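> Working from the sequences, and respecting the hints, build out all of it.
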Amino acid sequence: MRLALNDITDGMSRRWLWSAMAWQDVMQRYRGSLLGPFWLTISTAIMISTMGVLYSALFKMEIGEYLPFLTLGLLAWNLISTLITDGCQTFVAAENIIKQIRLPLSTHAFRLVWRALIIAAHNFVVYVVVLFLFDVPVGAVTLLVVPGIALVAANGIWVALLLGMLCARFRDIPQIIASLIQIAFFMTPILWKPELLGPNEYLAHLNPFFAFVDLIRAPLLGQAPHAMSWVVALAVSAGGCALALALFAKFRSRIAYWV
Amino acid sequence: MQASISLQNVSVEFPIYQGGSRSLKKALLRAGTGGGIARDAANRVTVKALNGISATIEHGDRVALIGSNGAGKTTLLRVMAGVYEPTSGQVAIEGHVSPLFDVGLGLNPDATGLENIRMRGLLMGMHPQEIRERMEEIAEFTELGDYLSMPVRTYSAGMTLRLAFAVATASHPEILLMDEWLLAGDAHFLEKARRRLTDFVERSSILVLASHTETLLTEWCDKAILMERGAMLAFGPVQEVIALYHGRQAGEHVG
Numbered sequence: 000m001r002l003a004l005n006d007i008t009d010g011m012s013r014r015w016l017w018s019a020m021a022w023q024d025v026m027q028r029y030r031g032s033l034l035g036p037f038w039l040t041i042s043t044a045i046m047i048s049t050m051g052v053l054y055s056a057l058f059k060m061e062i063g064e065y066l067p068f069l070t071l072g073l074l075a076w077n078l079i080s081t082l083i084t085d086g087c088q089t090f091v092a093a094e095n096i097i098k099q100i101r102l103p104l105s106t107h108a109f110r111l112v113w114r115a116l117i118i119a120a121h122n123f124v125v126y127v128v129v130l131f132l133f134d135v136p137v138g139a140v141t142l143l144v145v146p147g148i149a150l151v152a153a154n155g156i157w158v159a160l161l162l163g164m165l166c167a168r169f170r171d172i173p174q175i176i177a178s179l180i181q182i183a184f185f186m187t188p189i190l191w192k193p194e195l196l197g198p199n200e201y202l203a204h205l206n207p208f209f210a211f212v213d214l215i216r217a218p219l220l221g222q223a224p225h226a227m228s229w230v231v232a233l234a235v236s237a238g239g240c241a242l243a244l245a246l247f248a249k250f251r252s253r254i255a256y257w258v
Numbered sequence: 000m001q002a003s004i005s006l007q008n009v010s011v012e013f014p015i016y017q018g019g020s021r022s023l024k025k026a027l028l029r030a031g032t033g034g035g036i037a038r039d040a041a042n043r044v045t046v047k048a049l050n051g052i053s054a055t056i057e058h059g060d061r062v063a064l065i066g067s068n069g070a071g072k073t074t075l076l077r078v079m080a081g082v083y084e085p086t087s088g089q090v091a092i093e094g095h096v097s098p099l100f101d102v103g104l105g106l107n108p109d110a111t112g113l114e115n116i117r118m119r120g121l122l123m124g125m126h127p128q129e130i131r132e133r134m135e136e137i138a139e140f141t142e143l144g145d146y147l148s149m150p151v152r153t154y155s156a157g158m159t160l161r162l163a164f165a166v167a168t169a170s171h172p173e174i175l176l177m178d179e180w181l182l183a184g185d186a187h188f189l190e191k192a193r194r195r196l197t198d199f200v201e202r203s204s205i206l207v208l209a210s211h212t213e214t215l216l217t218e219w220c221d222k223a224i225l226m227e228r229g230a231m232l233a234f235g236p237v238q239e240v241i242a243l244y245h246g247r248q249a250g251e252h253v254g
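Protein sequence lines correspond, in order, to chains A and B.
For the record, in the first sequence the residue sitting at position 152 is 151 according to numbering that gives the first Met the number 0, with numbers rising by one throughout.
For the record, in the second sequence the residue sitting at position 163 is 162 according to numbering that gives the first Met the number 0, with numbers rising by one throughout.
Just to be clear, a hint being listed does not mean it is correct.
When the alpha-carbon atoms are kept at most 16 angstroms apart in a straight line, the in silico EDC-like pairs for lysine to aspartate or glutamate are as follows [as the list claims (entries may be wrong)]:
no., chain 1, residue 1, chain 2, residue 2
1, A, 98, B, 101
2, A, 98, B, 84
3, B, 25, A, 171
4, A, 249, B, 84
5, B, 191, B, 218
6, A, 98, B, 178
7, B, 47, B, 218
8, B, 222, B, 239
9, B, 24, A, 171
I should point out that these hints are in silico values taken from the structure, not numbers from a laboratory.
Here the structure is a predicted model, which is why all the values come from computation and not from measurement.
Shown next, in the form of structure tokens:
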């Protein structure tokens, strides 16, 4: 356990290393394409404008209200799902480094979370556009997005360690995760508002994905996140950290053999 | 500080995951069915890559690892690098280790030579500040000149090697671990590399080199470890160990 904690603190202290690696990953996406990660931004923008029109008609909602909701929900979801799907590759993708030199294994988790944050920042452009087009209120409550994103990123670290280990050992897990993520996307109020559940609305609040989406989406829409979102998100953080740490302490030394 | 590598009864076992054992679905099904079939299917094969290795390498030692393919040389190097934590036994390493196993480590073919020097330096544990300070020295050692601002994918194998070697030795590590590939360099570069290593070992550091090229081993190393099927057969002066190695090989051919 002590070794596992050392690994994590050592990893964290090498900030210059994982941030450089993350930037290199991002720059790699820029090479050979002028727009780089902005392609993602463009595809998000196209997806939002087409789906916004369709679903606002389906749900009979005012487009001015629905589109900002959908946009920010998707942006939050993109960050969360990137953290999870990339988390499966934490160690497998770093195989050649892991087998060559001794580095704190958590370095790879920090690299991945940092990369996801940099890419998410690209999508911020979409938020600014929506902000101006639809008159989204901005105020002190908007600042609540900072702890929200920080909490999502912190959870990204344990997810990267945990899924990274599991996927290094069992190679069919990434496919399982990918289909679970797809289901979670439709089950989470991103395309639809939780109020549509009527008396069953409380069920949506028990969904941990909703909690994390809400912590990012609500402040950017100028609202305070639901209190339940904080409770669920903090509970998931505590449970996830404990589980990931326990497994990391047990299997850390085996990871080099698995990749 | 005096560098040292101390191995006590070190063993390494590799799990061999084939087909089903890599699959969670099958692992769950096994757990579900239970009984005799389960045990049969779950039978995990392991390969003992290192078997009870004990050796102490002191400061100033230049050790050659000798043995046929699959004898465990690379695994032993990786244990010394701290990459593999042994399944049993103790490893104690004093000093900063700089492994040079793969020229391609951390190399981004689309980035320039200078960018790659920086990235590789970071991976080797250098601080950005330290890299900035040593950049000129590293660049000079590579003798790559203007090529350093070209993407690494335009480099030949020998050029990439120069870059990797320059970075690996730049941080003045106490322990340098090298695998086979070093031979890709040309004569001029090998001579230069040898001078740097001599210089490096004189500062009371350790060099461990795995190779099949005898001239290189006798020239660069003073001690040798003979490996066979994961076990250490001999550890002593390089000439004696090489003679023993030849003797065993001849014996095998006759037998």
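> All hints are to be evaluated individually against the structure, with a verdict given for each.
Verification of the supplied hints:
1. Restraint check for residue 98 (chain A) and residue 101 (chain B): satisfied, since their Cα atoms lie roughly 10 angstroms apart, inside the 16 angstroms limit.
2. Simply put, residue 98 (chain A) and residue 84 (chain B) have alpha-carbon atoms about 11 angstroms apart, close enough for the 16 angstroms limit, and the pair holds.
3. Restraint check for residue 25 (chain B) and residue 171 (chain A): the C-alpha separation of about 10 angstroms stays at or below 16 angstroms, so the hint holds.
4. Only pairs whose Cα atoms come within 16 angstroms are accepted, and residue 249 (chain A) paired with residue 84 (chain B) is accepted, the gap being roughly 13 angstroms.
5. Restraint check: the Cα-Cα separation between residue 191 (chain B) and residue 218 (chain B) comes to about 14 angstroms, which is no more than 16 angstroms; the hinted pair holds.
6. About 13 angstroms separates the Cα atoms of residue 98 (chain A) and residue 178 (chain B), which keeps this hinted pair within 16 angstroms; it holds.
7. With a C-alpha separation of about 32 angstroms, the suggested pair residue 47 (chain B) and residue 218 (chain B) falls outside the 16 angstroms cut-off, and the hint is violated.
8. Between the alpha carbons of residue 222 (chain B) and residue 239 (chain B) the distance comes to roughly 9 angstroms, so the proposed pair stays at or under 16 angstroms and holds.
9. In summary, the hint linking residue 24 (chain B) to residue 171 (chain A) is supported, as the alpha carbons are separated by about 8 angstroms, within the 16 angstroms threshold.
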